[in-house]
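K.L.:
Produce the complete structure using the sequences and hints provided.
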Amino acid sequence: MDLVLNPLAAVGRGVLGACRTVGNAALFALEAVSHLFRPPFYGRLFLKAFLEIAYFSLPVVALTAVFTGMVLVLQSYTGFARFNATGAVANLVVLSITRELGPVLAGLMVAGRISASFAAEIGTMRVTDQIDALTTLSTNPMKYLVAPRLLAGALAMPLLVLVADVLGVMGGWLIATLKLGFVSSTYLKATFDFLQFDDVVSGLVKASVFGFIVALMGTWCGYNSKGGAQGVGGATTTAVVTSSILILALDYVLTEMFFAQ
Amino acid sequence: MSGPHDPPQGQPAAQPEASTEAVNRRAEVLPPNTTQASLLAAAAGVPKIRMRGVKKAFAGKVVLDGVDLEVPAQSSMVILGGSGSGKSVTIKSILGLVEPDEGVIEIDGVDVLRLPRRDREALGDRIGMLFQNGALFDSLPVWENVCFKLLAQKRIGRAQARDRAAEVLAQVGLAASVGDLSPSELSGGMQKRVALARAIAARPDIIFFDEPTTGLDPIMGAVIDGLIVDCVKKLGATAVSITHDMASARRIGDQAAMIYKGRIVWEGAAATLGHSGNAMVDQFANGEREGPIQMELRR
Ligand SMILES: Nc1ncnc2c1ncn2[C@@H]1O[C@H](COP(=O)(O)OP(=O)(O)OP(=O)(O)O)[C@@H](O)[C@H]1O
Ligand SMILES: [Mg+2]
Numbered sequence: 001m002d003l004v005l006n007p008l009a010a011v012g013r014g015v016l017g018a019c020r021t022v023g024n025a026a027l028f029a030l031e032a033v034s035h036l037f038r039p040p041f042y043g044r045l046f047l048k049a050f051l052e053i054a055y056f057s058l059p060v061v062a063l064t065a066v067f068t069g070m071v072l073v074l075q076s077y078t079g080f081a082r083f084n085a086t087g088a089v090a091n092l093v094v095l096s097i098t099r100e101l102g103p104v105l106a107g108l109m110v111a112g113r114i115s116a117s118f119a120a121e122i123g124t125m126r127v128t129d130q131i132d133a134l135t136t137l138s139t140n141p142m143k144y145l146v147a148p149r150l151l152a153g154a155l156a157m158p159l160l161v162l163v164a165d166v167l168g169v170m171g172g173w174l175i176a177t178l179k180l181g182f183v184s185s186t187y188l189k190a191t192f193d194f195l196q197f198d199d200v201v202s203g204l205v206k207a208s209v210f211g212f213i214v215a216l217m218g219t220w221c222g223y224n225s226k227g228g229a230q231g232v233g234g235a236t237t238t239a240v241v242t243s244s245i246l247i248l249a250l251d252y253v254l255t256e257m258f259f260a261q
Numbered sequence: 262m263s264g265p266h267d268p269p270q271g272q273p274a275a276q277p278e279a280s281t282e283a284v285n286r287r288a289e290v291l292p293p294n295t296t297q298a299s300l301l302a303a304a305a306g307v308p309k310i311r312m313r314g315v316k317k318a319f320a321g322k323v324v325l326d327g328v329d330l331e332v333p334a335q336s337s338m339v340i341l342g343g344s345g346s347g348k349s350v351t352i353k354s355i356l357g358l359v360e361p362d363e364g365v366i367e368i369d370g371v372d373v374l375r376l377p378r379r380d381r382e383a384l385g386d387r388i389g390m391l392f393q394n395g396a397l398f399d400s401l402p403v404w405e406n407v408c409f410k411l412l413a414q415k416r417i418g419r420a421q422a423r424d425r426a427a428e429v430l431a432q433v434g435l436a437a438s439v440g441d442l443s444p445s446e447l448s449g450g451m452q453k454r455v456a457l458a459r460a461i462a463a464r465p466d467i468i469f470f471d472e473p474t475t476g477l478d479p480i481m482g483a484v485i486d487g488l489i490v491d492c493v494k495k496l497g498a499t500a501v502s503i504t505h506d507m508a509s510a511r512r513i514g515d516q517a518a519m520i521y522k523g524r525i526v527w528e529g530a531a532a533t534l535g536h537s538g539n540a541m542v543d544q545f546a547n548g549e550r551e552g553p554i555q556m557e558l559r560r
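If you're matching them up, the sequences are chains D and C in order. So in this note's numbering, spot 112 of the first sequence is number 112, and the numbers just go up one at a time. One gets this note's numbering by counting positions in the second sequence from 1 and adding 261 to each.
There's no promise every hint is true.
[Stated by the list, open to error] Within a straight-line C-alpha distance of at most 30 Å, the following computed DSS-like cross-link-like pairs (lysine-lysine) qualify:
no., chain 1, residue 1, chain 2, residue 2
1, D, 48, C, 415
2, C, 494, C, 415
3, D, 226, C, 316
4, D, 189, D, 179
5, C, 522, D, 226
6, C, 322, C, 522
7, D, 226, D, 48
8, C, 322, D, 226
9, C, 522, C, 316
10, C, 316, C, 415
[Said to hold, decoys possible] Simulated coverage check for chain C against chain D, where a stretch passes if three residues somewhere in it have a Cβ under 8 Å from a Cβ of chain D:
no., region
11, 353-359
12, 376-386
Derived from the structure by calculation, the hints contain no laboratory data. Being a predicted model, the structure only gives us computed values, none of them experimental. Quick reminder that beta carbons are idealized off the backbone N, C-alpha and C, glycines included.
P.N.:
This is the structure we're talking about:
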């Protein structure tokens, strides 16, 4: 009987633990978001986080986007050539980039950069009593440290992804015209003729959600870290891993939602 | 700055009469943000801080096991005790940074553990704290650290904050130019003094000092002691300090209390430290290996 019950108990404990974690993170997010509607507002800190995400992540996201566009053209060209459909290459590239690859790849890149840096910075503040110090200095740490970062994540990512979309399509166009002999004007026409407003918007909505998730996991893991340098290291790893996984999982959920419409 | 040499006496902190005259007299010396309620409470003889039966355990390990402590208004209390005995946890629980498992903590006669969060935050506006490790914000320059609370409460603008920071930095023996440095560019003792400047810059009504002079040279230590005494005697603040330095404890403290095994085992005038008649306290104050306190060392 024990043999049967114990594995079940372990699974039960795991599920309960997971539920508790998700609940805690959700409460954390709710509290932080509620601070966005109550003064004082920390515009300076919001701007700093916004620049960190939208501007300083630009090089790595741009490179990712350009190369992805380039590879996508090569791959789809060889694939489509088998059934004489190379005319669809431009459509495939622009749709996959705006709807899918732009937000997801930018999200993963930003997850590595931003959630790690948020977790490390806030985690260090936690283990060196700086967060307690904020409280004693008439400043709510959720309002000061977390809320501006979440807002910056949700607003900066769409901007970043918009740039990534353009660069990705350009990367594809570059290879198509220079290497595969497409005529530039036909390729571009095919790109824009089939592109719909919704394709871009759904990608930007995803981007906003991913940006929020990245900032949330970074701040949450940092905020709850304990145990010195080792704890901060662990918090950083957890932040990057969970935000990456959540991006991929939520990507499915969001695509399903948009697709169902 | 005046010398740090006022002989510490057990001053009669709370007069029995609660006349409005006494209240008004206090209003001149107390910080501007002191509420009328706290003045009345002080005049009526209610202790500034009172802890009763405060218990706290971390993951089953009991740290505070029923701490009882009273700090009269406008007096200076020194808390002594071995390393790891729970001194920092005691003051963190008064500040609300650690949630006790049991017990009552009152400030001006108000039970703070049962206050709604907003009121508790308002209470925090009148309290200053020097953390044991400084806890300076390394993303901000020193001057912003020092004036952080004044800026947060919008009591001064950013333009005035630099001047105000220079003023407070001077009180802790630091040049105004230090204000433009980042905390990571300072020596340990300088960081401690900046943290002290930050704790007192907003003229709090209650100030906690967690090892204010650790890591300072003896002369600077005496200067800082004098500053703490001034906060109490001139500004009318109530101070609670943790220190391992007996000379410093005698200088800054009116009263002293010793914590051992999670309880307050002795309370008395700070001047008597070393010859208090309590074997435990005297052993601790004189740093003797033999005595009722056994250090748990493994051989
Ligand atoms: N956040 C925490 N989590 C777990 N244990 C803690 C925590 N804070 C303190 N403790 C434990 O509580 C005990 C008392 O800690 P505290 O920091 O109050 O000591 P202290 O008296 O200030 O010592 P010291 O003089 O060395 O600063 C220690 O044994 C410590 O391990
Ligand atoms: Mg301590």
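K.L.:
Now, for every hint given, state plainly whether the structure supports it.
P.N.:
Checked hints:
1. D:48 with C:415: holds (21 Å)
2. C:494 with C:415: With a Cα-Cα distance of about 27 Å, the restraint between residue 494 of chain C and residue 415 of chain C holds, given a limit of 30 Å.
3. D:226 with C:316: holds (22 Å)
4. D:189 with D:179: Distance of about 18 Å is within 30 Å: holds.
5. C:522 with D:226: Holds, at roughly 25 Å.
6. C:322 with C:522: The given pair, whose Cα atoms are some 12 Å apart, holds under the 30 Å limit.
7. D:226 with D:48: Holds: residue 226 of chain D and residue 48 of chain D sit about 26 Å apart, inside 30 Å.
8. C:322 with D:226: Satisfied, since the Cα-Cα distance of roughly 17 Å is no more than 30 Å.
9. C:522 with C:316: Holds, at roughly 12 Å.
10. C:316 with C:415: With Cα atoms ~37 Å apart, residue 316 of chain C and residue 415 of chain C exceed 30 Å; violated.
11. 353-359: holds (count 4)
12. 376-386: Check passed, 3 qualifying residues.
Checked against the numbered hints given earlier, this structure breaks only hint 10.
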